[in-house]
Each structure stands twice: as C-alpha cells, then as structure tokens.
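J.: These protein sequence lines map, in sequence, to chains A and B. FYI, numbering that gives the first Met the number 0 numbers position 168 of the first sequence as 167, with every residue one higher than the one before it. FYI, numbering that gives the first Met the number 0 numbers position 200 of the second sequence as 199, with every residue one higher than the one before it.
Worth double-checking, as some hints may not be accurate.
Said to hold, decoys possible - If you want the footprint, here are the derived chain B segments under chain A, 3+ residues with CB under 8 Å:
no. : stretch
1   : 15 to 27
2   : 218 to 228
Said to hold, decoys possible - Some chain B residues well away from chain A (every beta-carbon gap over 10 Å; in silico):
no. : residue
3   : 0
4   : 91
5   : 235
6   : 253
Claimed, not checked - Restraint ranges, calculated between C-beta atoms of paired labels, are given here:
no. : chain 1 : residue 1 : chain 2 : residue 2 : range
7   : B       : 30        : A       : 162       : 34 to 44 Å
8   : B       : 94        : A       : 255       : 52 to 62 Å
9   : B       : 157       : A       : 144       : 32 to 42 Å
10  : A       : 180       : B       : 65        : 29 to 39 Å
Please keep in mind that the hints were generated in silico from the structure rather than gathered at the bench. Because the structure is a prediction, the values reported are computed rather than measured. Just so you know, even glycine gets a beta-carbon here, dropped at the ideal spot from N, CA and C.
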Amino acid sequence: MTRIDASAFLGRWPFRPIEGTVAGLTRMMRANDISHTLVSPFEGLFYADPEPANEELLRQIARRRNPSRRPAGKLWAAPILNLRIADWREQVKALARNPQVRAVLVAPTFHGYEVSACGEAARVAASHGLALMVQVRLEDERHHSPILDLPAASVKEIVSVAASVPKARIVISAARLVEVLQVAPRASRLGNLWFGISHFDGLECIQRACQAVGAKRLLFSTSWPFFYAKSGVLKVEEAEVAVPWRGAVFGDNARRAFALK
Amino acid sequence: MIIDFHAHPGYGKDIATLREEFPPAARAAERCGVRWICLNAIADWSESPNPKAVREGNDAVLSLMASYPDRVLGFCYVNPRYPAQALKEIDRCVVGEGMAGIKLWVACKASDRRVDAIARRAAQLGVPILQHAWYVRRGGLRGESVPADVAAMAKRHPRTMIVMAHLTGAGERGLRDIAPYPNLHVDISGGEPEAGMVELAVKLLGAERVLFGTDTPIRSYGATLGKVLEADLTGGERELILFGNARRLLRRRLGR
Numbered sequence: 000m001t002r003i004d005a006s007a008f009l010g011r012w013p014f015r016p017i018e019g020t021v022a023g024l025t026r027m028m029r030a031n032d033i034s035h036t037l038v039s040p041f042e043g044l045f046y047a048d049p050e051p052a053n054e055e056l057l058r059q060i061a062r063r064r065n066p067s068r069r070p071a072g073k074l075w076a077a078p079i080l081n082l083r084i085a086d087w088r089e090q091v092k093a094l095a096r097n098p099q100v101r102a103v104l105v106a107p108t109f110h111g112y113e114v115s116a117c118g119e120a121a122r123v124a125a126s127h128g129l130a131l132m133v134q135v136r137l138e139d140e141r142h143h144s145p146i147l148d149l150p151a152a153s154v155k156e157i158v159s160v161a162a163s164v165p166k167a168r169i170v171i172s173a174a175r176l177v178e179v180l181q182v183a184p185r186a187s188r189l190g191n192l193w194f195g196i197s198h199f200d201g202l203e204c205i206q207r208a209c210q211a212v213g214a215k216r217l218l219f220s221t222s223w224p225f226f227y228a229k230s231g232v233l234k235v236e237e238a239e240v241a242v243p244w245r246g247a248v249f250g251d252n253a254r255r256a257f258a259l260k
Numbered sequence: 000m001i002i003d004f005h006a007h008p009g010y011g012k013d014i015a016t017l018r019e020e021f022p023p024a025a026r027a028a029e030r031c032g033v034r035w036i037c038l039n040a041i042a043d044w045s046e047s048p049n050p051k052a053v054r055e056g057n058d059a060v061l062s063l064m065a066s067y068p069d070r071v072l073g074f075c076y077v078n079p080r081y082p083a084q085a086l087k088e089i090d091r092c093v094v095g096e097g098m099a100g101i102k103l104w105v106a107c108k109a110s111d112r113r114v115d116a117i118a119r120r121a122a123q124l125g126v127p128i129l130q131h132a133w134y135v136r137r138g139g140l141r142g143e144s145v146p147a148d149v150a151a152m153a154k155r156h157p158r159t160m161i162v163m164a165h166l167t168g169a170g171e172r173g174l175r176d177i178a179p180y181p182n183l184h185v186d187i188s189g190g191e192p193e194a195g196m197v198e199l200a201v202k203l204l205g206a207e208r209v210l211f212g213t214d215t216p217i218r219s220y221g222a223t224l225g226k227v228l229e230a231d232l233t234g235g236e237r238e239l240i241l242f243g244n245a246r247r248l249l250r251r252r253l254g255r
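Start from the sequences, fold in the hints, and give me the full structure.
T.: Shown next, in the form of structure tokens:
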C-alpha cells in the first residue's frame, strides 16, 4: 500500500528545538514505509518574504535527486506563499516551472490576511497546474509563544473558498477533527477539497472523518518533524475501516489531490 | 504487553452512556496490543463534582471492571474539596472493590492541603495517584494544577506513588519541576504527538519514571503509541514506558 505524506517540513521551528533535515526526513520515510512526501520550509512561515526559504528547499530537494546519492523515497515541494507580497503571482508562475513543485502552501494567520484572499491564490495555482494547501495551524494553541499567539484559520471559510473555485485543488492542512465535522455536510459535496489528517485525534478519529466527509477526502499527513510521524501512520493503521478506504487515505487520494504520476 | 495508565470510558455522564461508549475504546486498545486499560471517570466532567456525581462516575468504572475483568483496571476519582467523602469513596472503591489507583483532576490544585489526607491514604494502601497537570499558556481552570503543584505534593508525600498526567502539557519546564522527586512520574497522555518530548522526559527523569497513557477517548491509541515507537529509545526503555513502570506501580493489583 503506497504511503504519501501530504505534509512535512524542512528547516527549524523557532519555538522548540526541532529541525527537519533531508537526512532525518529520509530516515523517517524509510522507517514508516513512506514513498513520497510533500515538503515545505518552516522558515517560509516566518520570513516576511518566503522566497529565500523556498529557494533553499528546492536546492535541498534538487541535491537529494543526485542519482549518485539518491536515497529511497521521493520528495515533492510545496513552497510557501505570502499573499501580502506584491509579486506572489509571479512567484507561483516561476515555481510551477520546477517539476518538483506540486503545490503551494499559504498560511493566512501566519502572514496576516483574510482566508478569503486564498480564493485568488487557488485560481492562480490552478491555472499553473498546482494544488493550493492552506495551513490552519501547526502548534496546539495552548502552547503558543506570546509573539505567535495566532488563531487557527477558519476551516469553514476555506471550504467556502474551495466551493467558489471548483477548478482548483485545495488541501486543508492541520485542521482538527472537530473542525472537519462542523463543515462536513458541505465539504463532502466538494470534489476539489481534501483534508490532511496530521492534527486529527481522538478515539476513532479516522473512522469518524471517513463517515463525515468520505474516505476520498482524507490525506495521510504527518506534520513531521513537528509531530512523531509514526503517530500519523498508526492512526490510519488502527482505524476500523475497509482496506480500500485505508489505501485511499494512505496514498490514492494524494495522487489526485497533487496530480502525482 | 502494554498498559494504558490513563483512559476514560467516554464523554458521558451516566453509567448507561459510559457503558455504551467504552467498547470502541476496548477494541482500539486490543488492535494496538494494549493488555490493561486503567479507567477513570471524572464524574460529570464538572470541575468540582459533588459526592453523588463522584460515586456515579466510579460506579460506571466498577461496572466496566465487572464486564471486562481481564482488561479494565479501575481508578477511583475523588474530589478533595469533600475530604471526608473522598476518603470514604477510596475505601469503597479501592479497598472494597479492588480499584487499582486514585485519580485527581481539577477540583483543587495538587499543592492544596486538602489533598494531603488522600495522598497519605494512597501511600497506606500502596496505590498510585494519577494527577492532572498542564502548563497552560492561556485560559486554564481555577483549580488546575501546574507541574510545580504536583512537585509540591510529591515533596510532602515521598512515600506516595504519583503519576503526573500529560507530558506535552508539562513541557521541559514541567519536567524540570518534578525531576527532583523520585516518587513522581509522568504519563505521555494527552496533547498532540509533539516530536522529541518522550526523549526529553527520558533524559530528564529516566525511563523508569515515564508511563504510557492515552487519555482516550480524547486522544487515539495510534497517535499515542506512535510517540513511543518513534522516539529514539532503547528497547529496554520502550518496555519500561509501555508496561514495566505501570506494572511496578500497580503491583498491589497485578502482583509482582
């Protein structure tokens, strides 16, 4: 069963001593039998202009592709956009030329704009064949540093964005199960919307999400190195769901969401 | 074998609902290789439940102990704001019915003197106390303990075995608060599976003071088990966390 991790990070998280390196990510993928990972740079969340962080991410992925030292597993890039940067559309256009880029990630609360602005980003990303990932949160709100005391992005508003741009492929990253359940009636009718499961938790969380929005709408994701990746794997493995559903969550859905071959 | 040191039967407030809610947890535990589930019902989930609500919650756990004799170990929840009733309830549930431990939540802080009689009774009976704690950066409940409160309790009661719940909520500061007290442990339940926390707990406390617990149904078995299986530990450390330490603390109930 193919496992595609729909969200991991490289770089340093500034509020805890954790760092995502290519070597660490490779070890994690091997240990968890993950064949592909969509990866974004932590620094892109914090730099005013994420472009240098994206450049570094793409350099690291390109270096890893050197056949002489190519390890198991494949990395795809999901660079980060700040929609308050005037030339973000040009950035999308340039990023789309890189065959390693399958999506762009926006983080409205980190960069200080309304979720509704993601509609235009979804249209532009779709016009270049890329999926749009919208980061709801990363850290448990109870643990925020005073200088990063951010609310979560509204999942309800992201669903509205997806409904308004049916040609775009939109992935909601790091929503909690309760937030998904609240939007389930509408979200389950949208064929262009997926949810990463990294922040789902609670007894039967995967079963409940499958029942609420359908197994086709869920993507296996780890939020590594922020979270232990094995926690994401075991959530899906322990779920009392049909084997085809498990396969859909682990990999089949991601192929559609990110147009992976 | 794995022992889940920290679980709840469900979100319900009465025996019937809790009995209905528990079977999925038992199935999930079995799929993850969990042999024993230490169950506590926090009465009606109010911060300071009255003695009647406390008894009803414990009755639900007793009922599940009877239905799952080879799977469920009961923990007796008590409210220290009702000291006499708390001791009476401990005698009813631990001495009389064979519950394996005592649970304290957020009725008052662990450093409160009203907890002393309960801690002394736990030591006399040779059963552990599971005490909630969290360093909440915003919000938080009036009687909610922080790890420093639990450390104060452990210092006053060195013969009482205490397990502080919620490693992720404690964070590095909480671990340093409790490190000087060898009778004080931490469980890994609750919170998100933030990488590195289990290794940090082992580094600061030693593996013999870290226990596996889920806080189910609030958290899932898979997510919590993943914390231990991915953490950079030796096989021996992993075994201590998953069952060795719990078996030692529960020896009165499980034997040696």
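J.: Take the hints in turn and mark each one as holding or not.
T.: Okay, the hints, checked on the actual structure:
Closer than 8 Å: that is the beta-carbon criterion, and the stretch 15 to 27 of chain B has 4 residues meeting it against chain A, so the requirement of 3 holds. A count of 10 residues in the stretch 218 to 228 of chain B with a Cβ less than 8 Å from any Cβ of chain A is obtained; the coverage claim is therefore met, three being the minimum. No beta-carbon of chain A is positioned within 10 Å of the beta-carbon of residue 0/B; the least distance is around 17 Å. The beta carbon of residue 91/B is kept farther than 10 Å from every beta carbon of chain A, the shortest such distance being approximately 29 Å.
Distance check for residue 235/B against chain A: the nearest CB is about 19 Å away, which clears 10 Å, and the non-interface claim stands. Taking the minimum C-beta to C-beta distance to chain A, about 25 Å, the non-interface status of residue 253/B holds against the 10 Å cut. Taking the beta carbon of each, residue 30/B and residue 162/A are about 37 Å apart, inside 34 to 44 Å as hinted. A C-beta distance of roughly 60 Å is found between residue 94/B and residue 255/A, which places it inside the suggested range of 52 to 62 Å.
At about 35 Å, the CB distance of residue 157/B to residue 144/A agrees with the hint of 32 to 42 Å. Between residue 180/A and residue 65/B the beta carbons are some 33 Å apart, a value that agrees with the proposed interval 29 to 39 Å.
The structure is consistent with each of the numbered hints, conforming to all of them.
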